[in-house]
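**Q** Letter by letter, the chains look like this.
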Amino acid sequence: MIEISKLNAWFDDNHVLKDVDISVPTNGSFGLVGESGSGKSTVLRTITGLVDDWEGNILVNNKELGPKRDKTFYRLVQMVFQDPFGSLHPRHTIDRILTEPVNIHGLGNSDARVVEALNQVGLDNAFRFRYPHQLSGGQRQRVAIARALILEPKILLLDEPTSALDVSIQAEVLNLLGRLRRELGLTYVMVSHDLAVVAHMCDDIAIMNHGRIVERATATQLADGTLEHPYSQQLYKAAGGYDRAVVDSFVDWD
Amino acid sequence: MNTQTHISKPGLKNWLTSDTPQSRFQAQCGRTWLGWIKFTENKLAMVGLSIVIGLILVTIFAPILAPYDPLAADLTNRIQPPGAEHWFGTDQLGRDILSRLIYGAQYTLLIVGLVAITAAPLGLLVGTAAGFFGGWVDAVLMRITDIFLAFPKLILALAFVSALGPGIENAILAIAITAWPPYARIARAETITVRKADYIEAARLQGTSNLGLIIGHITPMCMSSLVVRVTLDMAGMILIAAGLGFLGLGAQPPMPEWGAMVSDGRQFLLEQWWVATVPGLAIFVVSLGFNLLGDGLRDVLDPRGGD
Numbered sequence: 001m002i003e004i005s006k007l008n009a010w011f012d013d014n015h016v017l018k019d020v021d022i023s024v025p026t027n028g029s030f031g032l033v034g035e036s037g038s039g040k041s042t043v044l045r046t047i048t049g050l051v052d053d054w055e056g057n058i059l060v061n062n063k064e065l066g067p068k069r070d071k072t073f074y075r076l077v078q079m080v081f082q083d084p085f086g087s088l089h090p091r092h093t094i095d096r097i098l099t100e101p102v103n104i105h106g107l108g109n110s111d112a113r114v115v116e117a118l119n120q121v122g123l124d125n126a127f128r129f130r131y132p133h134q135l136s137g138g139q140r141q142r143v144a145i146a147r148a149l150i151l152e153p154k155i156l157l158l159d160e161p162t163s164a165l166d167v168s169i170q171a172e173v174l175n176l177l178g179r180l181r182r183e184l185g186l187t188y189v190m191v192s193h194d195l196a197v198v199a200h201m202c203d204d205i206a207i208m209n210h211g212r213i214v215e216r217a218t219a220t221q222l223a224d225g226t227l228e229h230p231y232s233q234q235l236y237k238a239a240g241g242y243d244r245a246v247v248d249s250f251v252d253w254d
Numbered sequence: 255m256n257t258q259t260h261i262s263k264p265g266l267k268n269w270l271t272s273d274t275p276q277s278r279f280q281a282q283c284g285r286t287w288l289g290w291i292k293f294t295e296n297k298l299a300m301v302g303l304s305i306v307i308g309l310i311l312v313t314i315f316a317p318i319l320a321p322y323d324p325l326a327a328d329l330t331n332r333i334q335p336p337g338a339e340h341w342f343g344t345d346q347l348g349r350d351i352l353s354r355l356i357y358g359a360q361y362t363l364l365i366v367g368l369v370a371i372t373a374a375p376l377g378l379l380v381g382t383a384a385g386f387f388g389g390w391v392d393a394v395l396m397r398i399t400d401i402f403l404a405f406p407k408l409i410l411a412l413a414f415v416s417a418l419g420p421g422i423e424n425a426i427l428a429i430a431i432t433a434w435p436p437y438a439r440i441a442r443a444e445t446i447t448v449r450k451a452d453y454i455e456a457a458r459l460q461g462t463s464n465l466g467l468i469i470g471h472i473t474p475m476c477m478s479s480l481v482v483r484v485t486l487d488m489a490g491m492i493l494i495a496a497g498l499g500f501l502g503l504g505a506q507p508p509m510p511e512w513g514a515m516v517s518d519g520r521q522f523l524l525e526q527w528w529v530a531t532v533p534g535l536a537i538f539v540v541s542l543g544f545n546l547l548g549d550g551l552r553d554v555l556d557p558r559g560g561d
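Going down the list, the protein sequences come from chains P and L.
Its first residue numbered 1, the first sequence is counted upward by one per residue in this note's numbering.
Its first residue numbered 255, the second sequence is counted upward by one per residue in this note's numbering.
Hints may contain errors.
[What the hints assert, rightly or not] SDA-like mimics (lysine to any residue), calculated; alpha carbons at most 25 Å apart, straight line:
| # | chain 1 | residue 1 | chain 2 | residue 2 |
| --- | --- | --- | --- | --- |
| 1 | P | K237 | P | V167 |
| 2 | P | K63 | L | T462 |
| 3 | L | K297 | L | A451 |
| 4 | P | K71 | L | Q276 |
| 5 | P | K68 | L | R458 |
| 6 | P | K68 | L | K297 |
| 7 | P | K63 | L | A383 |
| 8 | L | K450 | P | Q82 |
| 9 | P | K71 | P | Q134 |
| 10 | L | K450 | P | H105 |
| 11 | P | K71 | L | A383 |
| 12 | P | K68 | L | G490 |
| 13 | L | K450 | P | V167 |
| 14 | L | K267 | P | T226 |
| 15 | P | K154 | L | D452 |
| 16 | P | K6 | P | R113 |
| 17 | P | K71 | P | G28 |
| 18 | P | K68 | P | H105 |
| 19 | P | K237 | P | V251 |
| 20 | L | K297 | L | R458 |
| 21 | L | K292 | P | V251 |
| 22 | L | K267 | P | T26 |
| 23 | P | K154 | P | R130 |
| 24 | L | K450 | P | S36 |
| 25 | L | K450 | P | L135 |
| 26 | L | K267 | P | L76 |
| 27 | P | K154 | P | P67 |
| 28 | L | K267 | L | L555 |
| 29 | L | K450 | P | R244 |
| 30 | L | K450 | P | G28 |
No lab work stands behind these hints, which were simulated from the structure alone.
What you are looking at is a predicted structure, and each value in this text was computed from that prediction instead of being measured.
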């Protein structure tokens, strides 16, 4: 479904992605892990066209992407942002947030579609005319997922969808995402620094550091900690919680 | 759908304050109602609002309210002091000042209204476009704005009116031309703070066009500060219009524009104070009204006030 090869990207003079290769099968779930600033979110943002300065080949649904994305692309690929407090327009009601994409793409029947999308993410219809600030973090993230789903995409890019939520809500949202993938046959690319989340959600995993993929692994390998690259080992240890001896042994990999 | 809600929860107030509105219309009405409640808590803002509403009513009902013809000269009754027959006295041509005041309200309202509906959208458009696109669009638009901002408003308006020729239409045009740059600045500043926000990028990923982003997503974020600024500026616009009228560049005789009336009365200011003072007071009261209204709107609309 997604084939990325030799992807390089720059922010001004910073070379933030270096020869990234990723391949995600249809209905697959691919995880990108790494520390903050490793470029994992940039991969998603480059796919969606939010990064201007990039080189390489991105094939989505067997179609090569050019510098601009068109409407058909956005019907195929949608993204859920990390921070549900920032990704919903503070002056738009949930209803307007969900109706707008329907109108832009001329899908029609917005009323029924909004009700259905809210239903899909397990939100009561009573939330429909509220503003984002009247919702909790978990509810907001559900709205953000509903907004991504209302265009009936085949691919969902998830940029740390649970890292801004507290632990009990995280599980709810992850279960929701898992259910939606099964029910709607979606393909996921998920970015996270939480190894447990990625191990739970994804089949294949790539570990990124300083804009480069250092290792590819499967979910079992990640869960068991049988990773080969020293940086992956280090990341795995870091995920185990704070330990002075472990932290002292860390090196900066480049 | 609306009628159903009426039945299940009787009373307009319940319908308005329902926390689970059943339709877009009901939700909108409910929010307007809550905003209104908040606004009414501010007594000074209510005073401002009543002054502005009063001005509008006087404009509409001028022919009924005015006791005399505002333009009819009566030289035998020149410069009469305020009294039972002429509440605010008469001017140097024997015209009833109260009637002229009442008929003059429409010009004040016209000036304020026209300037607000031309200058505010223009400034908003320039500012949001500059902030949104950045780069050379920003540079060009903002340098033009800077040029306009570099001159004092009244001087620039004076220059425009002298170039266009005296008259109330040209005065309005000149005020509008001088009023938009601050709005462009405000709109640009607000735009820059939100243009990289996740919700703008999320909207972009929904396929929203640049124009759609500016109008549907950026503009609402600029509106509250802009509306407040416009209402606060209305007082200044009235004063500039009055100033132009006073200098003979705005409304032309015998039009009962307030600034022109002050100008006419200045020759008799020491002996017959009421000729200039009464229209001056009217300008003062209306300016104050708009100022208070703007202050109140700030409390209701300012996003930083929290809602």
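**Q** Please write out, lowest number first, the hints stated earlier that are contradicted by the structure.
**A** Violated hints: 3, 4, 6, 7, 9, 12, 13, 14, 16, 20, 21, 22, 23, 26, 29 and 30; rest satisfied.
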